[in-house]
Structures are given as C-alpha cells and as structure tokens.
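All chains, full assembly: derive it from the sequences and hints.
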Amino acid sequence: MNLISLKIAAPAGFGVMSMGPMFAKVLKRSGFYVMGYPEYPSLIRGGYNSYQLLISDEPVYNPYIKTDILLTFTKLSFEKEKIEENVTVIADFEKLKVDKEKINAKIIDIPLSKILKENNLKDIVKNTLALGYVAKLLKIDYKIFEDVIKETMPEKHHEINLSALKIGYDICKNTFNFNFEKKDYQNHIIVTGNESTALSAIASGVNFYSTYPMTPASTVLHFLAKYAKDYGIIVKHTEDEIAGVTMAIGAAYAGARAMTGTSGGGFSLMVEGLGLAAITETPILFFISQRPGPATGMPTWQEQADLKFVLNASQDEFVRAVFTPGDITELFYAVNEALNIAEKYQIPTFVLSDKYLSESLFMDTEFNLNALKIDRGYVFEGDKDKPLEFFPRYKEVKDGIPQRAFPGTIGGIHKTPSNEHDEYGFVSDDAKVRKLMQDRRFKKLNSLANDMPQPKLYGDQTAETTFVCWGSTKTVLLEAMKYNKDFNFIHFPAIYPINWDETKALLQSANKLVLIENNFLGQLGQVIAENTGIIIEDKFLKYDGRPFFTEEILEYLGE
Amino acid sequence: MKAHELNTGKTPVWCPGCGNYAIWNALKGAIADLNLNPWEVVTVSGIGCSGKMVNHIRCYGFHSLHGRVLPVATGVKLANHKLTVIANGGDGDGYGMGMGHFVHAMRRNIDLTYIVHDNRTYGLTTGQASPTAKRGTVTKSTPEGVFEEPVNPIAFALSAGATFIARGYSGESEHLKELIKKAINHKGFALIDVLQPCVSFARDYSYDYYDSRIYFLDENYNSNNKESAFKLAFEKDKYALGIIYEDKSKPTYEEQHGVLKEKTLCEQGVKLKDISPLLKLYK
Ligand SMILES: Cc1ncc(C[n+]2csc(CCOP(=O)(O)OP(=O)(O)O)c2C)c(N)n1
Ligand code: SF4
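Chains W and C, in that order, give the protein sequences.
Note that the working numbering numbers the first sequence so that position 505 is 505, with each residue one more than the last.
Quick note: to get the working numbering, add 559 to the position in the second sequence (first position is 1).
Please note that the accuracy of each hint is not assured.
[Unchecked claim] Cβ pair distances, simulated, as ranges:
id : chain 1 : residue 1 : chain 2 : residue 2 : range
1  : W       : Asp451    : C       : Ser835    : 22 to 32 Å
2  : C       : Ala719    : W       : Phe309    : 33 to 43 Å
3  : W       : Asn177    : C       : Ser835    : 36 to 46 Å
Keep in mind the hints are simulated off the structure, nothing from the lab.
Every residue gets a Cβ at the ideal spot worked out from N, C-alpha and C, and that includes glycine.
Shown next, in the form of structure tokens:
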C-alpha cells in the first residue's frame, strides 16, 4: 500500500477549509483514493487551521499523525507539527521569516509573494499558486485542476485563480518520488459526514428542518437551507433549540416529515421537546453531532461522549431508537432508516455523529438511491361520515402502535397532550389508563429491536484481540487493519434497541475484548455491561479532543 | 354549527367563577360564527389553567409544554397553512417561560391567533406571582412582594412588530367573541391579551376591579397608529378594550415562503426525492 500524508496549514480565514475539499476532488479525479481531515480552533481569523489529505492507491479511511508533505502559510507550523528529516516542507520562507537552515527537513522554498507581485496578482491567490505547485509535484494533470476550479469557484474568481494555478505548475520543476497505481474512481463520491446526512435527509423526503446553529451540526442546516427551495423543504433557523425542536414537533404532528439537528449543548435544551415527542408519539429525527465538554466545551473538536446522555435524556421511561453509524455510507442509510422508524413506530429517533465523522471528507462508492424507502406507518385517511366524532388516536392498531390522524382529516379529531392521556388524547391520571398506555407504548420495543441494524464483526474471526466500538471509530480500525491482522473488531451501528442475546453471543465468541472509545468512561462498555453482564476490562480511551490516529492503534497493538 | 356543538363532553375543572369560562364561550362562539369546520381548526395550548382549553373544544388540539405553545403552533401552521391555528396560554406561560418565543412569533408575523389568559398569577401552581403582577404583590414565592416591574404585554407586542394587538376581558364575553373573530380573520400574528380574573388567587384583580376600570375603544379610534397605541398601552389604572393596533399591510411569514407559494407543505406530500444532480457535485 502506498500513502502520502499531505497537510495544508494556515491561519484561520486563509481558505484552508475550502482548499482541502477542492484539492481532494482534484486528487480523486486524478485516480487517487483520498481522505480529508480538518483541524481548526473556534476562531474566524488567526489561530492555526490545518487540512490533512491522505492520498493512497487503495481505500484510506482515517487520519495519521505523520506528515509527508507540509504546505504551510504560517510560522506556527514549526511549533505545531512534527517536522523530521523525511518531511517535505513547502513554504515562502522569506515571507514567514523562518530560518530554513534550522529546519531539519526537505525544504522547498517558494517566494510566493514575490512571484505574485511580479505577475501583478493579488495575494489572495497565494494558496492556488502553491497548490498548483503541489499538484505538479504529484504529477497531476493541469486540466483536471482547471476543471475543478471552474466548477467550485464563482466565475468572477476564475481568471485570477487560473493565472496563479498556471504559474504554480510552471515553476515546479521536480516531482515527488512515488509510484502509485491510479484507478478510475468515477463511481465514487467524496463527501463529509454532514453532507451525507443532509443528502439523505433530502432524498428521504424530509420537508421540515428547524434548529439553532451549533458546531459541528450547523453545516447540515446550511446545506438544507441552500437546497430548501429546490426540494420543497421548510428550513427554519429558530430563536433557540427549544423552539427548534418544538416547531419540528408541531410540523410533524400536522403531517410533515420533520428533523432537527444539533450538538450536545443544543440537545440539552431540546430534551424537553424529546419528552414531548415521546408522550405525544410524534415522529421526529434528532441528528446529533458530538463534540467535547459539557456546556460550551471545545466546539471544533472530537469526542464521542454523549451516548449515555442520548440514551437516557428526559424524565421517565419511553421508547426511542439510537443509530450510531460508522461512516458516510452507514450515515446516509441510517438517516433514511431512522426517519422511517420514527414514523413507523411514532417515536423519537436519533442519529449520532461526531465532529470527526461530520466534518472529515470520506470517499466511497456512490450511494444507492434505490435502496431508500419511505414508510410513514399507520396514517388515518379520514371518514366523511363521522366528521365530529372523536378519533381513537392512541388506541393500539398493531404491536403497540396506534394510528395517526393529521389535523385537517375529517373524522380524525383527537387531542394531543403532553400529559398522560386516554385513547382519544384526553388528559387522564387514572391508574388503569396510565398502565395501559405505558404497556402499549413499550410493546413497540419487541419488533423495533429487530428493525435496527445489529452489531457486526469486521476482520478475521479468530483474531487475538477484538476491539469493541461504535460510531466513527469504525473507520479508525478499518485503517489500522491494513497493517495488522492480529485484531478484529465489533462495531455497533445502532445501540438501542438491539437484539442483546445475539450481541452477547457475538461478544462471547471473541478471544480478548478491548473497548475503544473517544470518551473517558467507556460508555458503550457500560451499556454492554448493563444489557449482557459482560464487563470489558481492557479499555483504550481517548478524550483529548482528537480522533484516534492510525499510528496510535498500531502502537497500542505493540508495533 | 352551533357553539354548544363544539363542546367535547368533558366538564371543565376551572374554579367556579373563573374568567376562563368566558374565554371558552367566546372562543366556541367565534368558531361557530365564522362557520369553520372543526377538523380544520387546531387549538394549541401551553400549560396552566389556561392550557386546559384544548380539552374543551371539539376540534384538533395539541396541549403542549409550559411556555412552548407558539413554536408548536408555528410548526403546525407551516406544515399546513390552510388550517386555522389558535394558540391559548397564560401570562406565566407566554410572558414568562415563553417570552423569547413570543417576541419571535410576532417578528415572524406568522398567521396565528394567540389568546393570552392574563390573570396576573400562576393559577395552576396555586398563585405565585406572574410576570404581569404589579410591583409589591405578595405571594407564596414573593413574601416580600414582587421587586420587578410588570411586563406590559401591549407595549411589548407593539415594539416587537405584532400586526394585530387587542385587549379583551372575561367580563365582556360577547365583545371578546367579536375580537377573536377579527383576530382569526386577521392575516398575520394576532395577540389578544385577555384580562381574566382568577377568583382563587389573584384577588387584587377581581371582576369588580376591572369593571370599574375598563372602557371600549370607539369607531373614532384609529387602530393603525402606533403612537396612539403606545399611549393606550401605558394608560394608568384604565384598560381600553378592543383592537389597539392593527396593520394589514405586512405580508405573513407563510406568504413570503417560496416553498409555500402554491401548495401547503402537507399537500406537497412526503416522497423520495432524486438527489442525483446533487451527488454529481461530489464526484
Ligand atoms: C417546565 C415546567 N415548569 C413548571 C411547570 C409547572 N407549571 C405548570 S402551570 C405553571 C404556571 C401557570 O401560570 P400561567 O401561565 O399564568 O397560567 P394559569 O394557570 O394562571 O392559567 C407552572 C409554573 C411546568 N408544567 N413545566
Ligand atoms: S386557579 Fe384561577 S385561573 Fe385557575 S381555574 Fe381557578 S380561578 Fe381559574
């Protein structure tokens, strides 16, 4: 396997976050397999932004600590990055005021600012010039880069950027020493997790999305807002998360397919609405992208520590479904399934992502749109003969599931209270009614558990070590598996409700279990212990705001 | 349809003499007079004595959370803007807990009727001070008297840009009914702040108290003048009843929404959508 880790670094506001995905597309079209991982502080200007592009001739899923080529526009790189002999550093050393004699690495010094001045070009195209240089270094066809610029940039910027690109190509006289087998990846797409989520929401017929912006979930809001008119979606940035969720509940109650999205802090506010969705049996999908820390925490960094919060949020007990997809493709289908399950069972459902999955760039074969379905469950069509009769909205139709009647339906009049209620929705605190309703609602669990995706084993059945993970840690282990076949792993694409008997058997079939999670307590381990009695003693936990890097897994395994 | 046919068969549990009965009758009367189909009317409420209203009107009803009546009602309206959506809540519910939502619903000018049962107390939780209780009001939660200034709902709504602002009174049920009808017919956000005596807890604001202080706005009053509306809002010890402010020129939120131009969201239906053009952007 061949792999190049290319890192682009600059102060925030320099355009690194848009250059990364743009160059990734250039690389993909040039026949490479690519993965992109951005790191940035919560700052609009200054600070240190970096975009790592992993370039390979076979699927690559996860970031690395190592850098092979560092293209930097800031002095800070020399503090932040591990720069060793075998790293190629590309920079305008004079401009950065860095003494290149003191850097122990292969140095390519390009007087970017000077060149731009000589060519009467503005400083803002410095990045395009430098990327043109890197592209030539990687033997990339000029035409491919030119096309991507024309497709991704507004027309008024084409001329100046293409001039800079041309110069970048022209001044590059050497090539990087590598020998990759290039492939045709035309049937692949390259998207971030949040793009996958939003694409699935649109495809799956979501027509109502209301929320308040919060990183790392905000880009789903932006994406849906951008395409709202084309696809007939109401996208509402509300006054706060409480309004976001309750507005979505109002819309779902009235017949829309509704979804909301946020991060842990926003979800804290939405918990009230979660309970409302549960007692009123209003279907709604919560998309939650995790980040570290209670309160405001670390807005732009990685953690997977909201699992137990999401499993337990709200007072009392009720049925919910929690999906924890591991990659962009699982995410895409999980959003569709979670929407269908929400409507079929009339429950709140969750899709959990995290900063790493939400914002990193992953390549995979194009999503299969034919695999998507819409299931709206039991919906009452109306009865013209009984316009004023009350409708038994909360009476079981099948397996604990009642029938919905949207306002406007003749013969469907009922009440929908946040209080406990009878079949028609009239508030009731009668002991028998309460028990009847609670028993009925929990009946949904039986068939629901079988509708959920179950834990799955990846790798050689007989491996010595079995990592146990959920969510995005899947891609970490898939990457590490390329180097070490002594381990396999069990990934949970959903955590509740699932078939715990089968899961227990799967866990018991392993030699040695090791929990791997981006949190302090090992939350999946606690959920497993609670449901199976299996206590996983060995834990590999990381909670410094970064995802697991590939080398860390290999080191843990003793390489 | 007659007003009494809108009864649900459930007997209200409000205290005898409570001002909510009159609001109930006025609301039923308004729906009946306007000949609305009950299955096309949705009442949404918050939590409190006021919130129990949904149980007593034969139409669709969503009894939401304390303070959250407006976002829920907004969601209903956006999903199906052909429905008549009537929100009910208390002063604690709407001017305390739900204050943030209140401001934004008015800014939005979403086409809702919002009836606030303003009894200047928290009835359901047995009489703590509400945001409209005057300074010095002694209650179980304010033994030394309220220190804060009361919220002035009318002045507040005027500054937030509401396009229909009215004051009604439980002691004037017929008048209130007419106000509700006008509010329902108004295109945009309509607030009716109803002076509602709570006979059990807000003894300072009895029928007697209001009867001697209310008066009706007459035909000469120009309701499209913010300045005179503000004057009324700040009147001392007098309560003008009627439409204090109305602006018919502003478009509603729904009218401005590109997605809702031709059909309601519900009429457009939920279906799989072809995203292949979007996927091309990621190749
Ligand atoms: C989140 C939440 N907090 C507190 C309560 C308790 N509670 C119920 S009604 C109410 C106040 C009601 O006062 P108001 O809105 O003025 O209505 P009224 O009962 O006077 O009609 C409170 C505090 C609740 N139901 N939910
Ligand atoms: S407590 Fe007050 S508001 Fe509540 S029902 Fe009794 S009188 Fe009416």
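Here is how each hint holds up against the structure:
1. W:Asp451 / C:Ser835: 22 to 32 Å: This hint holds: roughly 27 Å between Cβ atoms.
2. C:Ala719 / W:Phe309: 33 to 43 Å: Holds, since Ala719 (chain C) and Phe309 (chain W) (Cβ atoms, about 35 Å apart) stay within the stated range.
3. W:Asn177 / C:Ser835: 36 to 46 Å: 40 Å, holds
The structure agrees with every numbered hint stated previously.
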